[in-house]
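Novice: The chain contents come next:
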Amino acid sequence: MAPRSTAQKRLLKEYQQLARDAPPGIVAGPVSEDDLFKWECLLEGPPDTPYENGVFPATLSFPKDYPLSPPSLKFDPPLLHPNIYADGTVCISILHPSGEDPNQYERPEERWSPVQSIEKILLSVMSMLAEPNPESGANIDACKLWRDNRAEYNSQIKKHVRESLGL
Amino acid sequence: MSKNPFDRFGVDVTDPTDWASTKLPRLSELDSLKRCYICKEFFTAPVLTVCHHTFCSQCIRQYLLTNSHCPLCKTELYESSLKRDMLLDEIVTCYKSLRPFLLNLLRENEILVKNEPDIEKSENGPSKSNKRPAPVDEDDVIEVLSQGESVPSGSSTPEAQPKKKTKPESQLPALPGKSDQVACPICNKMMSADILQTRHLDDCLSGKTTPPSSNGSHSRKKAGASHGIASFFKKESPVPSSSSSSPSTSNSAFSKAEISQPVGFKESYLKQVEKTNSESVKKLPKLDFQSLSTPKLKEKLAALNLKVQGSRSQLEMRYNQFYVLYNSNLDSSRPVSEKQLKSTLNKWEQSHSAFNTESSTLFSSRASISNRSITSKTFSVREWLQVYHQEFRELIRAARASAKKDKKSKAKNTIDVIEEAEYVEVSKKDDSRPQQEHGSTESKVPQLTPELDMELVDMDFADDIANSSLFGGT
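Residue numbers (UniProt numbering), protein chains in the order written: chain A, 1 to 167; chain B, 1 to 474.
Derived from the structure by calculation, the hints contain no laboratory data.
For clarity, every value in this text was computed on a predicted model and none was experimentally measured.
Every residue, glycine too, gets a C-beta built ideally from N, C-alpha and C.
Some clues are possibly wrong.
Stated by the list, open to error - Partial pick of chain A residues on the chain B-facing surface, computed with a CB cut under 7 Å: (1) 12; (2) 98; (3) 111.
Bound conformation, chain A alone (with noise of 0.2 Å):
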């Protein structure tokens, strides 16, 4: 099978790159080679933070219009994050579709453009569980978790990453 469209040939071009050369902390593929528009991804918990020695899997879901509308992430299984649905999706900027943002809240350099790419995105994710944003919070109660008991806080993403490990 022969990829056809654009969205085909840019995401196998990012499967390449990222195989090759992945930022540390960050594993990327297709979940098949058959559909190119479901990934699956590894993402370690940055260091300094609760999140550390964790390591999250998380889906990404291409559209076909890839690379003009951004991908949707979701964490499986959910992670307690301020910027994480209670369903485990994803809330950032570069996510979301390019142009005005409704609420004037986002500059739309923030948002998706065709230009970032895979990468940047689990960058970007990367250093959102570094530094939550309270301020455009997916999880309020993860919100207010954060905010009001920072140590409760901690405590339950520890257990989260001692659970996931298995230990």
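Position chain B relative to chain A; hints supplied.
Specialist: Relative to chain A, chain B alone:
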């Protein structure tokens, strides 16, 4: 690292990192500079924006259908302001044609220096059968059969001129025991010089599949060992050329490769500029769909010999896609025929979800809404109520009438109790959806079962449902 899973896709996946393992890793910078930010491919018909960014014509035009600023710097941008960059077009085309040679030369050198087997190469060995014949194929390491090459080519290769490449090749006679075979300069298959010259080279250059032949050995050492392949070729070529004749044939093969390039890149560039300045090409106009009736839109499509069937949104998308394809083709120095554009358009339609049946969101026709599951995310209660408004009314009327009949025979109080009890039971039985809390009666409605309780049969319920979050809203 070098496990190459991309072979099976039958396309070239070239990448700037291809250079990382060569003698000149910095060439990857040059490589990435010639790539479009959107598709990550080498530029095809590059255009320059007002903000001095360059993209493939098709990529940026497609993007500008829905956006109005540069994807890189967010400067306001309109399609009409895009300018062709013809020189870059030629540079990229030229680079693309040289890339495999250059890559080969620089890799070859490294291997000779290191004198260790390359993993990629040993990989390619077993995959002979499904190797593609594509002329530019960087993933299959291209090797030129020469031993003395490592010495002089170090200085000559970075210049990347077609002429220079004949130089290492001319040292072939120094090679002992491999007189009868030369590597195709394009696909690197090993074959006799005769076959190469007479049949293979033309095919290879025009991108056709090459005649059945072995895919050749890849490293110099391996080539030396593979006499089986050599004998295979001896059968085909009438007289295996002697080692002394080999350089001349291979040289002429190379010069042939150069000649078969119809016009040099420089000439092509100058011609193109002249041509563009002298004639004014007509681009397709952008259509304002809002002020265009469907018959008028169909007229426009028919005038372009495009298909006119499909829903309104499909027609619009078809026009837009053709508009992008057509106009970006005009930006190319090597435009393709309109027929080819149309087949590209057809392929695009086939692969586009909006032209397949699953994509119901685009059309609000009744057929599509009934196909949608109530539990699906895109389900809209309001839409559903609108579409089935008439049916709801009739059912209510029927229910009222039958209830009246019942009333005559039974006392009113008992009916209510019985009916309600029955109804709850039934709805519990066949309501498979998860939202049950208080909604057994309400959730029943869209399924249009006639057992509606009289208490509920009131037109107000429609609004209640629409407002309730029972179905997750619109």
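Novice: None of the hints should be skipped; say for each whether it holds.
Specialist: Hints, one by one, checked against the model:
no.: 1; hint: 12; in the structure: holds, 5 Å
no.: 2; hint: 98; in the structure: holds, 6 Å
no.: 3; hint: 111; in the structure: violated, 9 Å
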